[in-house]
Amino acid sequence: MEASIFQYEFIIKGILGAIFASITAGLAGTYIVSKRMVFLSGGITHASFGGIGIGYFMGINPVVGAAVFGIFSALGVEYLSVNHKIREDSAIGILWAFGMATGIIFIYLTPGYSPNLMSYLFGSILTVTNADILALGIMSVILVSYFSIFYRTILYISFDEVFARTYSSYVDVFKYITTSLIALTIVLNIRMAGVVLVLSLLTIPPNIAMIFTKTYFKIVIWSILSGFVGTFAGYAFSYSAGIPVGATIIFTLVILWVIAKCVNHIITKISYPRTGSIRL
Amino acid sequence: MALLFEMHSLSASYDANLVLQDVNLEVCENDFIGVIGPNGGGKTTLLKIILGLLKPVKGEIIFNTELLNRNAIGYLPQISTGDSYYPVTVTDIILSGLMINKGIISRMSSADKDKADMVIDELGLTGLGGSTLTELSGGQIQRVFLGRAIIADPRLLLLDEPANFVDTTFENNFYEKLKELNKRMAILMVSHDVGTISSHIKSFACVNMNLHYHQSNEITNEDLVAYGCPIQLVTHGDVPHTVLKRHK
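Heads up: the sequence lines are chains H and R, in that order.
Numbering follows the working numbering, in which position 127 of the first sequence is assigned residue number 127; successive positions increment by one, without gaps.
Numbering follows the working numbering, in which position 88 of the second sequence is assigned residue number 88; successive positions increment by one, without gaps.
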């Protein structure tokens, strides 16, 4: 009897977690994939690990530490690249490793209690709390509102920033807000997928969507749907096999992507047959 | 002809690097001015000043606000600024030209969408409204960006190297189109392709740090001293021919 209540709770948590993770990752992911910010997002993710370490060391919630680190590193890279002061990819590379180093140093400096590193690196169902699910839920509401209210403004700035500057003086404001929201989305999803794997949670669903559709809005919708299928299946797989949830989610998503690619290839072959031949 | 804007001894620079010096220019309704000059001479900078993207370090630009404000300038940037792999349709790109009259919270009405369809038809892009840029040829992409520049019915159209990616079959159509548009708006066209544009423009300005304005469309070797080196000049007589200035 106790087991079934536990299972019921697990299923609810799994469904809600999968819904919120796929909504936030679908919206943020479509943005970073379209704007080719995947590498920058990787930098933000790993920089935030520094915040996790410092959070542990100072005895505050590691997610808060990660959020502060994530947002500041995102704004920093965005600011420096706007002002052309640095080589952006090099700066991201440095930030990436610096975040991981800082995190490890502070986790090892923390006296006594040694946190479960694996759960932050690869995600863990057991450490996902109701508060984490709630935070992801709130983030979903914020992101959905933000993107639907400012849809065209965000879309056009991200498509052609130079042109957007000719009609709007809010280009930088929107860039900073959007990048901060992306950083927060990444940090909150670290609890689901882990530092190492969270980036794929954002990038694989839009790439599945782009196989079948080509406009921004439809890519968002299909990303959320494919993200949900992958996340929930990964969650269930993780629970039954006792494997870190980040790994099972990404594994499922990649399988989905491969299947989508194959289906698309077959459809194309059938719809547009090449019946001509080359004679030698 | 009513004046749209004028520049008085205007200078512009990027940090310590002076690009334009003491430039004077008047642009009136129905002008069709070709802006020529060597690469790095300040042609694009001139457009940036007009668009308000760059503040002059000295001098001033005065708009005749009765006829022209920032909302009434259409701009066709060099093609590289928009990412052609971005998942956005032709219709949506053209609609972005209307953002100039809208706030940050903007919806496109069905009237806006009808307007976009009209522009699409006018520029010979019928049926491509739902396509993304990757499905288009270079010339078609250029027309999409031209559509974005003209959908808000500007009084002044700024074109930055419009011929760069135009396929030759469309090039003549493109200039015909500009001639038609010139009846409704003044055009300022930046180009390094001196020969091709001379037969389409009404007057021209040579920009190489300084600006020399010429009230005709006949570009002579003397006008080209701004380049500071021998250049090839193509003239359009009964028989198009190429004149090469002798090296000294």
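Calculated from the structure, these hints are not laboratory results.
Treat the hints with caution; some may be incorrect.
[As the list claims (entries may be wrong)] List time: in silico DSBU-like cross-link candidates among lysine-lysine, alpha-carbon distance up to 35 Å:
id, chain 1, residue 1, chain 2, residue 2
1, R, Lys55, R, Lys102
2, R, Lys113, H, Lys218
3, H, Lys218, H, Lys269
4, R, Lys115, R, Lys58
5, H, Lys218, H, Lys35
6, R, Lys55, H, Lys214
7, R, Lys113, R, Lys102
8, H, Lys35, R, Lys183
9, R, Lys102, H, Lys218
10, H, Lys35, R, Lys177
11, R, Lys113, H, Lys261
12, R, Lys202, H, Lys35
[To be verified] So these bits of chain H aren't anywhere near chain R, every CB distance computed over 12 Å:
id, residue
13, Phe174
14, Pro206
15, Val220
16, Leu280
All of these numbers come straight from a predicted model, not from anything done at the bench.
Just so you know, even glycine gets a beta-carbon here, dropped at the ideal spot from N, CA and C.
TODO: Below or equal to 35 Å on CA atoms is what counts here, so check Lys113/R against Lys261/H.
DONE: 34 Å, holds
Task: Given pair status - Lys35/H, Lys202/R, alpha carbons within 35 Å - done: With a Cα-Cα distance of about 40 Å, the restraint between Lys202/R and Lys35/H is violated, given a limit of 35 Å.
- [ ] Compare the distance between the alpha carbons of Lys218/H and Lys269/H with 35 Å, and conclude whether the hinted pair is satisfied.
- [x] It holds: about 24 Å lies between the C-alpha atoms, which stays within 35 Å.
Task: Interface exclusion of Val220/H relative to chain R, criterion Cβ beyond 12 Å - done: Answer for Val220/H: violated, closest chain R Cβ roughly 10 Å.
Open item on the list: Between the alpha carbons of Lys55/R and Lys214/H, is the straight-line distance 35 Å or under?
Closed with: Violated, at about 38 Å.
- [ ] Below or equal to 35 Å on CA atoms is what counts here, so check Lys55/R against Lys102/R.
- [x] Holds, because 24 Å separates the two Cα atoms, which is no more than 35 Å.
TODO: Would you mind confirming whether the straight-line C-alpha gap from Lys113/R to Lys218/H stays at or under 35 Å?
DONE: With a Cα-Cα distance of about 19 Å, the restraint between Lys113/R and Lys218/H holds, given a limit of 35 Å.
- [ ] Take the C-alpha atoms of Lys218/H and Lys35/H, compute the straight-line distance between them, and say whether it is at most 35 Å.
- [x] Roughly 16 Å separates the two Cα atoms, so the pair holds.
Task: Least C-beta distance from Phe174/H to chain R larger than 12 Å - done: At about 8 Å from chain R, Phe174/H fails to clear the 12 Å cut-off, so the statement is violated.
Open item on the list: Checking a non-interface call: every C-beta of chain R should be farther than 12 Å from the C-beta of Leu280/H. Is that right?
Closed with: 32 Å, holds
Open item on the list: Please check whether the beta-carbon of Pro206/H is more than 12 Å away from every beta-carbon in chain R.
Closed with: 9 Å, violated
Open item on the list: Hinted pair, alpha-carbon criterion (35 Å max): Lys35/H, Lys177/R. Please report holds or violated.
Closed with: 33 Å, holds
Violated hints for the displayed structure, listed by number in ascending order: 4, 6, 8, 12, 13, 14, 15.
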